[in-house]
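Working from the sequences, and respecting the hints, build out all of it.
In case you want the letters, here they are:
Protein chains: 2
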Amino acid sequence: MSQPSVSQSSFRVIDLIRKKRDGGALSPAEIEYLVDGCTQGSIPDYQMAAWLMAVVLRGMTREETAALTHAMLHSGEVLDLGFLPARKVDKHSTGGVGDKTSLVLAPLVAVGGLVVPMISGRGLGHTGGTLDKLESIPGFRVGLTVPEFHRVLKASGCCMIGQTEKIAPADRKLYALRDVTGTVESPYLICASIMSKKLAEGTDALLLDVKTGSGAFMKKEEDAVFLAELMVETGERMGKQMAALITDMNQPLGRMVGNALEVQECIEVLHGGGPPDLRELCLELGAWMFYLGGASKTVTEGKQLAEQIIASGKAFDRFRQMVEFQGGDVRVIDDPARLPATKHRVEVASHLAGYVTAIACEQIGTACVILGGGRERKEDSVDPAVGIVVHKKLGDKVSIGEPLCTIHCHSDAQAAPAKQLLEESYEIMPTPPAHKQPLVHRVIYKGQF
Amino acid sequence: MSQPSVSQSSFRVIDLIRKKRDGGALSPAEIEYLVDGCTQGSIPDYQMAAWLMAVVLRGMTREETAALTHAMLHSGEVLDLGFLPARKVDKHSTGGVGDKTSLVLAPLVAVGGLVVPMISGRGLGHTGGTLDKLESIPGFRVGLTVPEFHRVLKASGCCMIGQTEKIAPADRKLYALRDVTGTVESPYLICASIMSKKLAEGTDALLLDVKTGSGAFMKKEEDAVFLAELMVETGERMGKQMAALITDMNQPLGRMVGNALEVQECIEVLHGGGPPDLRELCLELGAWMFYLGGASKTVTEGKQLAEQIIASGKAFDRFRQMVEFQGGDVRVIDDPARLPATKHRVEVASHLAGYVTAIACEQIGTACVILGGGRERKEDSVDPAVGIVVHKKLGDKVSIGEPLCTIHCHSDAQAAPAKQLLEESYEIMPTPPAHKQPLVHRVIYKGQF
Chain A
4 MSQPSVSQSS FRVIDLIRKK RDGGALSPAE IEYLVDGCTQ GSIPDYQMAA WLMAVVLRGM
64 TREETAALTH AMLHSGEVLD LGFLPARKVD KHSTGGVGDK TSLVLAPLVA VGGLVVPMIS
124 GRGLGHTGGT LDKLESIPGF RVGLTVPEFH RVLKASGCCM IGQTEKIAPA DRKLYALRDV
184 TGTVESPYLI CASIMSKKLA EGTDALLLDV KTGSGAFMKK EEDAVFLAEL MVETGERMGK
244 QMAALITDMN QPLGRMVGNA LEVQECIEVL HGGGPPDLRE LCLELGAWMF YLGGASKTVT
304 EGKQLAEQII ASGKAFDRFR QMVEFQGGDV RVIDDPARLP ATKHRVEVAS HLAGYVTAIA
364 CEQIGTACVI LGGGRERKED SVDPAVGIVV HKKLGDKVSI GEPLCTIHCH SDAQAAPAKQ
424 LLEESYEIMP TPPAHKQPLV HRVIYKGQF
Chain B
4 MSQPSVSQSS FRVIDLIRKK RDGGALSPAE IEYLVDGCTQ GSIPDYQMAA WLMAVVLRGM
64 TREETAALTH AMLHSGEVLD LGFLPARKVD KHSTGGVGDK TSLVLAPLVA VGGLVVPMIS
124 GRGLGHTGGT LDKLESIPGF RVGLTVPEFH RVLKASGCCM IGQTEKIAPA DRKLYALRDV
184 TGTVESPYLI CASIMSKKLA EGTDALLLDV KTGSGAFMKK EEDAVFLAEL MVETGERMGK
244 QMAALITDMN QPLGRMVGNA LEVQECIEVL HGGGPPDLRE LCLELGAWMF YLGGASKTVT
304 EGKQLAEQII ASGKAFDRFR QMVEFQGGDV RVIDDPARLP ATKHRVEVAS HLAGYVTAIA
364 CEQIGTACVI LGGGRERKED SVDPAVGIVV HKKLGDKVSI GEPLCTIHCH SDAQAAPAKQ
424 LLEESYEIMP TPPAHKQPLV HRVIYKGQF
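Line by line, the protein sequences give chains A and B. Here the first sequence stands for residues 4 to 452, where the numbers follow my numbering. Here the second sequence stands for residues 4 to 452, where the numbers follow my numbering.
Calculated directly from the structure, the hints in this document are not laboratory data. Just to be clear, a hint being listed does not mean it is correct.
One copy or two, it doesn't matter: identical chains are merged, so the pair holds either way.
With a cut-off of at most 27 angstroms between alpha-carbon atoms, the simulated DSS-like pairs for lysine-lysine come out as follows [stated by the list, open to error]:
{"hint": "1", "residue 1": "K306", "residue 2": "K317"}
{"hint": "2", "residue 1": "K222", "residue 2": "K22"}
{"hint": "3", "residue 1": "K176", "residue 2": "K22"}
{"hint": "4", "residue 1": "K176", "residue 2": "K243"}
{"hint": "5", "residue 1": "K381", "residue 2": "K22"}
{"hint": "6", "residue 1": "K223", "residue 2": "K22"}
{"hint": "7", "residue 1": "K400", "residue 2": "K439"}
{"hint": "8", "residue 1": "K306", "residue 2": "K176"}
{"hint": "9", "residue 1": "K306", "residue 2": "K346"}
{"hint": "10", "residue 1": "K223", "residue 2": "K396"}
{"hint": "11", "residue 1": "K449", "residue 2": "K306"}
{"hint": "12", "residue 1": "K381", "residue 2": "K176"}
Given the structure is predicted, the values throughout are model-derived calculations rather than measurements.
Here it is, written out as structure tokens:
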């Protein structure tokens, strides 16, 4: 194994690894050299792996994080939506269980006069993915070309697609390496990965929904806040309007967990109904998107706008239009009973009487994965019909034998391991929980709102 | 990039990387799994690189260090010298400038009744290597087969060879990876690398000469002590008699730096002469080898034995015999003027009058490398004839124009960069240095001596 040759640069990879290992900060040119070399394959994986581990254990400065994001963003195509006169705004969630707000927000915010160019991901681990949810609508195409993406955005103000091969190839390369080298868990690397993809959309403003709690990747609120601040600052350094809401993920959001079930619940919200927590979070996030995109003068005004748009039915109409533009069967939007569904149901009943005081939310997500509704590995396929309907949430009173959840599945045998996991996920105590977590724990925004 | 398949084991490499990343300690079975997988190529380099960086930054327990050493040692052949009735003892130095004691010690200790099965290395960076020095004797073969090694050991009680392909292949693989991933500088990895090779010799006792100072790899004494204690404990866990001397490397040892020049100086010591510091260190190290090998009851007694053997001329005779057995031309041993030598000499004169208060010892070693007497890269060849004769050492008085060193070289032009480096290596002040460092800074030994 010899030191790879260095061309057109005075940097030596070994020196950059040592610098980070010893706690130093790399210059933007040094970081760009590493990212480019990794993407083009001129720097071997073993050197990148050593550097990544040094980053995980030594951290990065804000300047380094911004430089890494910048280099990864510019490793590929950056969309230019300048041909659309309206301001562009997007939302990114760090992932949770039953986290389905994107399907409501994209049409809602588009009706408010902004453009929402949403590039989303698939589910991995215990969390669901927007693309998987959309694909439970028969015919829905998430793999549009860039010209098609432009056309749908122009026609309906919103479009929801998957990451193209051309966007942030450095992230794909680095993420694959991080995944097998124990270097995923670094706020600096997570920030650069998320932001490099989101900023490639050509958005002017970006709202971050950073989840915290038992169903989130960041279980501790301080970790969520740290990541949120890092992403907000990184976006601001690149001239974007940024804010982050730290939101609760100590229980599933809404009542539905599973792809077609979640689409059904979003349609309820777009019709003005749906469970209170999901509805409320959609309005809060929508309000912030309006505010960041300049469609409202305050967040409060933004929230009023969001409520009016939902009530008018226009958000639903716009969702239906987007589905149609993207090849989806609108009959299932008009009649959600036509969405993929299982014939079998299994109830998960409570063995105790009392109050729900804690939910191991990650396990609820895992139960859905076990049913086939999510992915353990990237290459797994997803069953759109299976899922879990959550009847009892934090603080709810339950009696013995009362259903906590209902499993949508194909047979009792298939449901058994999920059922056991769900039973174990609920903590039921004789007295109600002392206090209820708010939906929005904290707002990270540099300014008044 | 997918997770490599795991066969015949329940370990997942990613879990072992994460465990170390998060500061945990791996079990011996987990470490063996990594070392075996790396050696056999079933674990990819990028995963090993991430784990190595985590080890550098998180450290290892004593148990882990011993387990790593054990796994690396048993990745290859471990010599069994049980057919020789005498106790076996060896010495290992962490490397320095003018550090040539092995050539004196092997025959000296063999005369005292012990067997010295010495497997040595080549020079790398600013330090010289025993094999390069021996090869300045025309005909000397360091690449003996194991049966030849046994035969020479049986006949003369000492033999000095290079590492065979079969010894500690895990170390060769890991070292090559560490070299390009910034993971060389870890006492735990250095300990396992040294000890896995040295214990493969089949020795009963091992004396460590851990250098500290401006010409050593460990510039700080605390780092040298840490490494020494780690190696002593690791050897003891494997049932070996162990001790370490922390010795001074703030100036070259003896007066000669360069391969043939150093052989010449060793012959002087074997004849009862030589510079006082080199002679003294050889006697100290020899005393400890006798003591650890059970040839003397105390170290003091061991030193008397070493002095007697040198004075008797038997150590020289044994060296001559070993050279003969290993194919070397003994005429150069009998008449060192026949050793490879340059025709040209360049004096490095002092520009100042005063006392030598500091020597940048690593630079003296680098000057020898620049002349061609050492290696910048493993594949470089070495010129046996070039080198530096050091006239002025720490505390010596110098007048303007008096020579500090003499460069043995082929031309003025060749000597120029080395000359400049040597001039810059000397600090000369009006008053002598406040105190003189002792030759042996400290002894690491668990017991009385």
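Now for the hints, and whether the structure bears them out:
Within a single copy, K306 and K317 get their C-alpha atoms as close as 16 angstroms, which meets the 27 angstroms cut-off; across copies the closest is 97 angstroms, which misses it. Proximity of K222 to K22 under the C-alpha cut-off of 27 angstroms is restricted to the inter-copy arrangement: shortest distance 19 angstroms between copies versus 31 angstroms within a copy. Taking the shortest alpha-carbon separations for K176 and K22, both the intra-copy value of 22 angstroms and the inter-copy value of 24 angstroms come in at or below 27 angstroms. In this assembly of identical chains, the alpha carbons of K176 and K243 lie at most 27 angstroms apart only when taken from the same copy (26 angstroms versus 47 angstroms across copies).
Only between protomers do K381 and K22 lie at most 27 angstroms apart by alpha-carbon distance; the minimum there is 24 angstroms, versus 34 angstroms within a single protomer. Taking the shortest alpha-carbon separations for K223 and K22, only the inter-copy value of 20 angstroms comes in at or below 27 angstroms, while the best intra-copy value is 30 angstroms. Taking the shortest alpha-carbon separations for K400 and K439, only the intra-copy value of 14 angstroms comes in at or below 27 angstroms, while the best inter-copy value is 81 angstroms. Within a single copy, K306 and K176 get their C-alpha atoms no closer than 40 angstroms, and across copies no closer than 62 angstroms, so neither meets the 27 angstroms cut-off.
For the homomeric pair K306 and K346, neither the shortest alpha-carbon distance inside one copy (39 angstroms) nor that between copies (90 angstroms) is at most 27 angstroms. Taking identical chains as interchangeable, the C-alpha atoms of K223 and K396 lie at most 27 angstroms apart only when both belong to the same chain, with a minimum of 21 angstroms there against 60 angstroms between chains. Taking the shortest alpha-carbon separations for K449 and K306, only the intra-copy value of 20 angstroms comes in at or below 27 angstroms, while the best inter-copy value is 74 angstroms. Taking the closest pair of Cα atoms, K381 and K176 come within 27 angstroms of each other only inside a single copy of the chain (14 angstroms); across copies the shortest separation is 32 angstroms, beyond that limit.
The structure is inconsistent with the numbered hints 8, 9, although it conforms to all the rest.
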